Amino acid sequence: MSSKDKADYPWEISREVERLQKQHAWVQRCLNNKIVFAPIPLNKEELKVLDVGCADGILLRDLKKQVSPSAQLVGADLVEAFLPASEEGIQFEVYDLCEPPRDELVGSFDLTHVRYSILGAAKVGYRKAIDHLVSTVAPRGWLQVHELDFDLTDRPNVGPAWRDVNNLIAAMFDGMGMGSDCIRKLPGAFEAAGLVNVTVHSVDLPMGKLLGDGEAAEISWQPFVITIPSLIEGAKALGVKLFESTHENLAERFEKEVKEEGAMFRALHTLPKDGIPCCQPSSYPSSAISVNYKGFVMVINSERSLHHTKQRLTVTPTIVMPRCHQKPSNSIQHVEALLSKLTLDEKVELLAGQGSFRMTGLEKHGIPGLITSDGPHGIRGRRSFTHMPSPMLPSATGMGATFNTELIHRIGSLLGEEAKVRGVHVLLAPTLCLQRSPLIGRGFEAFGEDPFLSGTLGAHYINGVQEQGVATSVKHYAAHDQSDNSIEDNAVMTERTLREVHMLPFQLALRGSEPWTIMTSYNKINGIHVSEDPLLMKEILREEWGFKGLVMSDWFGTYSTSEAINAGLDLEMPGPTDWRGKRLSIAVNSRKVSKATVDTAVENVLNLVNKCKAGEKSGKPPQSDTPEQRALIRQLVAESVVLLKNDKQKLPINNPEKLKFGLIGDHVKNPALCGGGSAEVEPYYGITPYEAIKEVVGEENITYTPGCNSFRFSPLIKGHTPPDSDSEGWFVEIFGEDPQENPDAKVVVSTTAEKQLVDVPESYHATIPTKYYVRAKAKYIIHESGKLKFGFSTSGKGKLIIDGKEAIDLWTSQPPKTDSTPCFNRLSMEKYYEGEFEKGHVLDLEVLQVNENLSGGVGTAQTLTGRVGVYELYDEDQGIKDAVELAKKVDVPIVITGLSSDFEYEGSDRKHLRLPGRVDELIAAVLEANPDAIIVTQSGLPIEMPWESQAATLLHAWFGGQETGHGMADVLFGKVNPSGRLSLTFPKSIKHTPAYLTFSKADYDIVYGEGVFIGHRYYEMVDREPLFYFGHGLSYSKFEYLNLTVPGEFTPAADHQMRVKVDITNKGAFAGAEVVQLYIHHANSSLQRPIRELKAFTKVNLGVDETKTVELTLDKYSLSFWCQEASKWKAEAGQYTLILASSSNPKDEIARADFALPKTFFWKGL
1 MSSKDKADYP WEISREVERL QKQHAWVQRC LNNKIVFAPI PLNKEELKVL
51 DVGCADGILL RDLKKQVSPS AQLVGADLVE AFLPASEEGI QFEVYDLCEP
101 PRDELVGSFD LTHVRYSILG AAKVGYRKAI DHLVSTVAPR GWLQVHELDF
151 DLTDRPNVGP AWRDVNNLIA AMFDGMGMGS DCIRKLPGAF EAAGLVNVTV
201 HSVDLPMGKL LGDGEAAEIS WQPFVITIPS LIEGAKALGV KLFESTHENL
251 AERFEKEVKE EGAMFRALHT LPKDGIPCCQ PSSYPSSAIS VNYKGFVMVI
301 NSERSLHHTK QRLTVTPTIV MPRCHQKPSN SIQHVEALLS KLTLDEKVEL
351 LAGQGSFRMT GLEKHGIPGL ITSDGPHGIR GRRSFTHMPS PMLPSATGMG
401 ATFNTELIHR IGSLLGEEAK VRGVHVLLAP TLCLQRSPLI GRGFEAFGED
451 PFLSGTLGAH YINGVQEQGV ATSVKHYAAH DQSDNSIEDN AVMTERTLRE
501 VHMLPFQLAL RGSEPWTIMT SYNKINGIHV SEDPLLMKEI LREEWGFKGL
551 VMSDWFGTYS TSEAINAGLD LEMPGPTDWR GKRLSIAVNS RKVSKATVDT
601 AVENVLNLVN KCKAGEKSGK PPQSDTPEQR ALIRQLVAES VVLLKNDKQK
651 LPINNPEKLK FGLIGDHVKN PALCGGGSAE VEPYYGITPY EAIKEVVGEE
701 NITYTPGCNS FRFSPLIKGH TPPDSDSEGW FVEIFGEDPQ ENPDAKVVVS
751 TTAEKQLVDV PESYHATIPT KYYVRAKAKY IIHESGKLKF GFSTSGKGKL
801 IIDGKEAIDL WTSQPPKTDS TPCFNRLSME KYYEGEFEKG HVLDLEVLQV
851 NENLSGGVGT AQTLTGRVGV YELYDEDQGI KDAVELAKKV DVPIVITGLS
901 SDFEYEGSDR KHLRLPGRVD ELIAAVLEAN PDAIIVTQSG LPIEMPWESQ
951 AATLLHAWFG GQETGHGMAD VLFGKVNPSG RLSLTFPKSI KHTPAYLTFS
1001 KADYDIVYGE GVFIGHRYYE MVDREPLFYF GHGLSYSKFE YLNLTVPGEF
1051 TPAADHQMRV KVDITNKGAF AGAEVVQLYI HHANSSLQRP IRELKAFTKV
1101 NLGVDETKTV ELTLDKYSLS FWCQEASKWK AEAGQYTLIL ASSSNPKDEI
1151 ARADFALPKT FFWKGL
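Residue 44 in full-length UniProt numbering sits at position 44 of the sequence shown; the count goes up by one each step and never skips.
Since the hints were made in silico from the structure, they are not lab data. Keep in mind the model is a prediction, meaning the values are calculated, not measured. It cannot be assumed that every hint is accurate.
Said to hold, decoys possible - Below, computed lysine-lysine pairings styled on DSS-like, alpha-carbon distance capped at 27 Å: (1) Lys538 to Lys582; (2) Lys341 to Lys582; (3) Lys1099 to Lys1147.
Start from the sequences and build out the full structure, keeping to the hints where you can.
So this is what it looks like as structure tokens:
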């Protein structure tokens, strides 16, 4: 590509300038700090190489023959083993010197911020592969690929010494904070880098195929080069516990196994125990293996490595600056220039995804494929089920309960940073749909039932994320209110209901922010799928609201070719396409779709690319799982906790170290961190209530009993390990034929799975035959003698074998599917096996599966999934009796229980609001034994509480994320004064809810008969008191409101704002925060309106006896309703009542004031 061509592409200009600036800065930094860890002679025949080792090396054994044998390799990971683990700042920079003086920066990443990374090249078309990586993953020189772990257990015939070495490597990586089990996720890393369809057969076999622009190339794995003694010494230095099987002759045993296996893995002699002096080639150990590399130098540059530097090595670089110094531009002229160069087929290619979470890129034109990731409670990653750790936030309903716009903005910024760490460009969040019914399975993903609360918080969330240069995709536009078979649902509602309730959160979010993308919902609205509706996407979204971004479908939520793109759907996700591709080309050539329509959609794609790529340069280097992030999430959790009742003032708990605590309930040690489905993430850690309370009161003051079970599906097995390994998980093999019938069946793919056997082939699907078999093995140690109950469910056919005997058969028959199941409701009904086992016995577990349908409703369309659970059987009658006795004898009994992702998850709606099993019975029994017992519930959406009148002290803690336990404990012990307010109304019964009669699958035409009377609006309208109103929440303080000031008249103009002021004083003994809520009532409206509508809120922090003046703003939205006759918003002349309140409960009114709108006015737009 010529420099002239590059001038047309802003990201290419940026890349060219940046790579040279970085090169110059790197050389200067090396010289100034006297740090050079690799000599850089340009004489290729004498090239000396210091490779960063296993995770970041050039993984190409075929390059050996191309380089001088004098090139030496030293595993820099070993250097890291001897550096203080507490220091930060290590950086790796990679330069390609094949074509000097155009020394191209291939990649750069910071291990302080990036957990996993990988750089690959190709056997055929070597430079082409590198260019492909650079252009698709990091067009400005950055290469960040993050779903990588190490695991050498994918070689089926290796011996115990091999596995001991693998365990040591994993332990070393754990000690360095980089994670363990690395090779297992390698294919996902390549896929994320644009090297699709890559697989691992074993460590010394080809990894698969690189598909760049259609020309295949082979990629091979160059294993990690280590020294056994150095591994052991490094592990000791890091305080890593060595495995029992590790002893002095490990190196000898390992080398013998390697020799017998003929593997590429090699052991070295002992390296210096004080680390590797990395300045001169002469300091390298003479026994270091020569590895053949050509033209690559990998440099470690770190402040913390100064003490390893013996002397300075002078480097004279060649710096060539480009003539063009213009600043990168995102102007439409560049997009227009690029559009003129694209063929129709290339344009069509850009309008559908390339993979599960990847948009299509065009390497030829320098257009990268953007990476998307599920949210909204963390950064899920690029896979459907298996994903790398992420900060896990509380459920969105918990975030909504904070009523704290500034905090949600900061949380958005955290998520934006986290997305950048993972190389994610588009976060599929926030969810702005409302909970029409508390039964909706994925309702925990949305902020709340009120359109004003949801839209306002959504805008702050969006702004926080996008300030980090990461796009949001606001979803699901609109009225995605049921999970069961939602693609078939037809939401039937009046135009007023649609506008005032289900579209208003999106409208408010667009008023307060500029989201770069919007995602359509699966369902129909009034007979037309949203992804095909020109009224919603063109007339309202783009023309009326002025949206300039990209509109994408939900995953598999595109149902047509011409209709969808003509209606304004720019992008079909995921890939490969079902409705674009050749179909769209034919539609254009047959003039069913105009070329202008295609160009408009492509323009929206390219504009998004420009924004995201420009965003990669913005802000400070991203970080992950920092102390500051943990503290912020802990604050969020604590602010989300709602104190529902404190009748006897038992909270906060004073002098806890002098008290005895009885902790009751399954959630004490197994709390609900998150709901299920696409919003579920894997947290870095999860603090249980038991752990958090123990930190405060000491374990000696705690007695625990679960009382009864609170799960729906057998709890996922934990503590299981692959054979000959001590790392938790399964050893998984995938075959093209039945290994039961042919014991010598060839293994197509071998890998490991940590938790459930879900989407095992997810990263390998291109190399697996249409029909495939899965065999998973693990060992499971019995820790206590007793009865265990195993549960197994599968998509396709499967069986669970225990100690060589078939325990559960889902291969020849499966129970009728009478209820929802895990994994998006794709699995079979669970079957069980009970057995009595002795302590210390090691069970051999084996799962066999095949992707063949055996029963209806069990999915096998894409990837085979499965789930193994186990739990201890015990007498629940006795368990409840034990809980009652415990409640009687301790000073403070605390019951912690509720729902979990077993009950609230995508793909299935609840059937009732009751707590599971005998939990209600347990709570009632404990309260009868001790009325002072503290009850803490967890759920994403409302639950029934038949024992509520017995409880004097009651809190609701939502799904709390990784800081669940700390959030609860901070409120219980008064470290945090509770300020959470219910983001949803809690009914006394499901029969009392507004959508009770129309929320079902009896008819796919779902009539929204409640109209605009959703949530709290309904209860006051029908004079039915719920259990707890929207906005309800108590504090340990008392707040006094004085001097309410309201203008007497609202100026009749669409752009006018009216300011309301009030003085608030904290009259309590604790500093705290009050949520000020402002509702509007129009008594003489020409049509029926809610008695009170939330139109403003704020959270104010007050010290003891402190007073602040709070100002809230009312505007045209505050007074208006949708006039169907005029097809406009109408602010109707008349008297309005402003209601200052602490909740939507009429009993919680604080003050009222009237004002007038003298003249009616209409308006449209934002």
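Quick rundown of the hints versus the structure:
1. Of the pairs offered as hints, the one joining Lys538 and Lys582 holds, with about 25 Å between alpha carbons and a cut-off of 27 Å not exceeded.
2. Between Lys341 and Lys582, the direct Cα distance comes to roughly 20 Å. Compliance with the 27 Å bound is thereby established for this hinted pair.
3. Distance check on the hinted pair: Lys1099 and Lys1147 sit about 21 Å apart at the alpha-carbon level, within 27 Å; holds.
When held up to the earlier numbered hints, the structure conflicts with none and fits them all.
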